[in-house]
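A.B. asks: Input sequences plus hints: build the corresponding full structure.
First to last, the sequence lines map onto chains A and B.
FYI, the working numbering numbers position 223 of the first sequence as 225, with every residue one higher than the one before it.
FYI, the working numbering numbers position 465 of the second sequence as 506, with every residue one higher than the one before it.
To be clear, the hints were calculated from the coordinates, so they are not data collected in a lab.
A few of these clues could be false.
Part of the chain B face toward chain A, derived, beta carbon under 10 Å [unchecked claim]:
(1) ALA162
(2) ASP166
(3) VAL733
(4) ARG788
We treat Cβ as the ideally placed atom computed from N, Cα and C, and that holds for glycine.
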Amino acid sequence: MQTPAPFEYEHASSVDEALALLERHGPETRLVAGGHSLLPMMKLRLARPERLVDVNDLTDLAYVRREGDQIAIGALTRHAQLASSPLLASLYPIFQDAERVIADPVVRNRGTIGGSLCQGDPAEDLSAVVATLGGSLKIRSRTGERVVAARDFYLGPYETQVGPAEMVTEVVIPIRPGAGSAYEKVERRPGDWAIAAVGCFLTVSGGVIADCGIGLAAVGAPGLPALEAEAALRGRPAGEEAYAAAAQMAAAHCRPQTDQRGPAEYKRDLVAELTRRALRRAAARVMAGGA
Amino acid sequence: MTGPWVGRPERRREDLRLVAGHGAYLDDLQFPSCAHVAFVRSPLPHARVRGVDSSAALATPGVLAVITAGDLPPGARMLPLRTIPLPPDFTVADVPMPILADGEVRFAGEAVAAVLAESRAVAEDAVDLVQLDLEALPSVGDPRAALAGGPPVHAEVGDNVVFRWHQVGGDVEGAFRAAARTIQGRFSIPRLQASPMEPRGCVAAYSSAEDLLTLWCSSQDPHRPRLQLANVLGRDLERVRVVVPDVGGAFGSKGGLAPEHAVAAVLAMRTGRSVKWVETRSENVLAAYQGRGMEVDAELGVSEAGGLLALRLRLVSDAGAYLLGHTAVVSLTATSLATGAYRIPAAEVTVVGAATNKVPTGPYRGAGRPEAAFVIERMVDSAAAELGIDPVEIRRRNLVPAGAFPYRTALGSEYDSGDYPGLLDRALELSNYPEERRAQARARAEGRLRGVGLAVAVESSGNSAWETAAATILDDGRVLLLPGSSDHGQGHATTFAQIAADAMGVDPDQIEVRSGDSQEGLVGVGTFASRSVTVGGSALLLALDELRHRCLSWAAHLLDVPEEQLRWEAGAVVPLGGGPGVSRQRLAQAARDRSDSADLPELRGEGRFVLPGLAFGSSACVATLEVDPATGWVEVERIVTVDDAGTVVNPLLAEGQVIGSSVQGLAAVLFEEVSHEADGQPLTESFLSYAVPTLPDIRTEIVTEFRPTPSPLSPLGTKGVAESGCIGVPAAVANALQDALAPLGVRHVDPPFSPEKIWRLTGGDAR
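C.D. replies: Structural data, given as structure tokens:
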């Protein structure tokens with residue numbers, strides 16, 4: 003198949019209009035931005051929405067900016083903008099690490115952070131990045147706005163907190179001065195979905211890990227945080243011993259599935275190795291001044 | 042032969058048009074009142090078709106027809122079984138592919154019904170509404186299982202053997218008895234898909250006024266689809282025209298008529314509409330024939346000193362559910378070349394084609410050559426390892442020496458020319474092999490897994506030995522070439538223009554090249570088996586000889602002097618004794634006007650060249666890689682390949698062929714594998730699951746060089762080069778991997794070298 007089943011199409015010129023359309027047309031209506039997940043699924047007729055509301059005109063939702071002690075990223079910000087943002091490059095190089103291995107330039111020019119997070123694919127990289135950094139998502143409806151932590155955002159694979167008449171408008175990431183961060187991914191070929199991937203950030207104070215985050219991709223729920231590993235790292239001296247402990251905990255914590263990308267035990271082993279590598283790289287970036 | 046133009050790295054004259062988006066591929070062709078066909082395909086690998094309910098589909102507005110096998114015109118035949126000759130003792134079962142499944146489906150993806158509608162979208166909606174009543178039958182996906190009592194794919198072929206061949210040369214038994222050791226090997230070479238950027242497609246149109254059926258199709262040439270379509274529909278060849286527009290890649294996978302083309306033709310004749318079919322990527326993955334898919338057991342008898350004495354192979358080919366015209370020939374090539382570049386006095390090969398409930402296999406870039414090279418090169422390295430001989434040394438000791446040509450192998454192939462030890466030496470030098478070995482020693486001392494691998498490979502080229510060409514002069518004086526083979530990325534317009542420029546004494550911009558329309562030029566063969574320059578280029582020289590000769594006749598007439606007093610010089614006819622000559626423009630105009638010259642021949646040359654044998658290109662390749670045992674990732678750092686392609690007409694394009702095929706060779710061992718369930722249900726259904734590498738994936742440095750020994754078989758002295766990298770690179774990389782993993786005691790890894798597989802072999806699952 004190369005043609006989706008018949009559907010209606012409208013485009014929204016404001017967030018309010020998009021939300022009104024969602025409310026008016028009901029749960030079989032989908033927002034479309036980059037469309038690089040939704041449209042292939044529609045062409046394969048795995049998804050059959052009755053109506054698409056195109057939000058590509060909402061260019062006021064495309065931004066990466068500093069707002070006090072937070073970074074605010076508009077939901078319509080494309081991968082390519084994330085990859086080239088000097089702000090993200092200086093504060094959280096984990097974004098560049100991840101963007102380098104997300105799909106291909108065509109997808110990165112169109113795909114958006116809002117669409118990537120809302121797709122809820124367990125192997126999606128930005129879900130792991132935002133979960134790693136303890137970010138949160140602003141969800142708007144006609145009646146108001148709520149903020150949901152990225153770590154609470156997913157109800158399961160392809161299932162999020164976003165209701166049928168809601169949309170994600172912004173992703174918020176707390177700024178942690180001096181933090182180092184990194185993303186490590188093993189894939190069959192660059193740009194493929196991860197076999198396994200690990201993101202992390204660290205802040206170090208007097209040689210001791212003050213704060214940290216670890217998010218996993220493709221080995222369980224989307225953006226799966228490795229909570230035990232994080233707890234084990236906090237307060238420990240930064241170094242191989244701590245990383246090894248965290249690696250083992252992350253591996254024990256993840257829930258990989260055996261599939262065409264490999265057996266569960268391989269993915270689990272990868273999580274351990276990638277956790278070590280990501281922590282080393284993040285720590286090196288702390289030493290280099292956070293970048 | 043090298044002239045001012047042959048041998049020059051001319052830029053491809055095709056590129057500007059194509060990269061600027063001015064190409065016209067099949068789907069770009071627009072036809073008035075075009076209808077669109079889409080196919081209902083079996084979801085099961087083997088089933089009886091109890092019924093097809095198309096009532097809901099037919100009730101959909103815009104649907105014109107739904108047809109099944111029963112609606113095909115009486116006399117419509119299956120696809121022809123043999124299009125390439127096989128030896129007389131090569132037995133082939135009568136299991137051709139139907140145009141639409143008839144009563145039984147034998148692979149998941151086989152077309153059962155076709156829906157014709159006013160648009161592709163409506164056709165697809167209606168495909169969804171056609172109800173197939175299928176009764177599942179037992180099925181088998183693995184070729185070894187198919188032969189070991191698996192359920193018959195065809196009731197009339199109970200043992201699932203659909204072709205068989207056996208060939209012995211030399212005293213095999215005696216040589217094995219005399220051998221100090223027998224090295225054993227078992228190889229599983231997975232199925233690959235060609236993945237051309239442009240998938241298959243066609244437009245069929247029928248003119249009842251002319252009783253002419255025209256098929257525009259994305260194919261490697263117009264000639265084979267034309268012959269096959271005429272055969273399938275029982276039409277006179279003259280009543281079928283095939284036109285091949287720009288083609289976005291084929292790699293062997295568009296070498297003939299697809300059954301879907303025949304369905305489009307039937308629908309066009311039935312409805313009077315032009316009918317378009319452009320397949321989706323999903324269809325291409327499911328239903329386009331695939332390549333490779335070979336299981337090989339090998340034995341190599343060696344002397345203690347490392348002499349290769351005898352080779353025995355049993356090759357099981359995963360033929361798939363039906364035999365296409367060129368399914369079996371791939372196995373013939375793979376076994377005919379079994380002894381590779383080596384002097385092995387005795388060899389025995391057995392070929393068994395196994396029917397499986399999977400899409401049929403056919404040629405894919407290399408088409409038997411890579412399989413042959415992979416097996417013999419792995420065997421030679423195994424022998425070296427067992428005997429404790431350096432892999433370079435064992436090759437030097439056994440390669441066919443430069444003075445031995447023409448060399449007849451034990452299995453009867455005749456290698457026309459080459460210098461295999463010279464290629465190897467140059468590849469070792471170019472790769473700084475001693476330094477590579479030192480780097481490996483340093484890596485091993487640090488506990489890293491680093492490997493260096495060699496391969497020396499042969500590339501038979503020129504199969505189906507003849508080709509044609511025609512040439513004429515246009516009114517503006519440019520020379521028009523109508524080669525019998527057509528371009529689908531090779532750069533014929535560039536290389537043929539260089540050849541013709543030298544032959545005619547003009548600049549290449551005075552040469553126009555046109556091909557792809559069966560109504561223009563002569564009946565030819567086509568572009569495959571690295572044959573176009575060698576066979577087609579030689580035909581072109583013959584055509585141009587005749588054209589120049591006729592130019593002299595016309596000039597003699599125009600100047601009213603005897604032909605003997607004229608000669609061809611720098612693109613025009615000039616009198617031997619000086620004075621004004623006759624330009625090409627004047628010749629063309631005179632020949633067109635034809636006043637008072639009725640007895641002179643048309644200003645046109647035609648050539649048909651028969652290659653007396655096969656021209657054997659060859660290559661030596663050094664691969665360097667490192668394995669990350671923690672993740673299983675194999676990083677191929679460098680490929681150095683030295684090629685003997687005989688005379689190189691255009692070094693830029695030849696290098697492009699070597700690099701392109703090397704990348705496909707890397708893909709074949711690192712990333713790609715078509716996989717199926719044990720029952721034949723496909724697991725790789727799209728590019729999500731079938732890992733085709735893209736530009737960022739190939740970080741390997743590829744170093745190329747040419748070291749020609751001209752072929753004595755053709756006037757140009759050229760040999761094939763287009764499949765080089767596909768043949769040598771997988772073997773060299775496999776040997777390098779083996780070398781890297783040697784400290785762990787790993788003896789063999791089947792491709793692809795996926796991270797998970799390598800992780801397991803390096804002990805990951807035991808950690």
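A.B. asks: State for each hint whether it applies.
C.D. replies: Verification of the supplied hints:
no.: 1; hint: ALA162; in the structure: holds, 4 Å
no.: 2; hint: ASP166; in the structure: holds, 7 Å
no.: 3; hint: VAL733; in the structure: holds, 8 Å
no.: 4; hint: ARG788; in the structure: violated, 21 Å
The structure fails hint 4 only (numbered hints given earlier).
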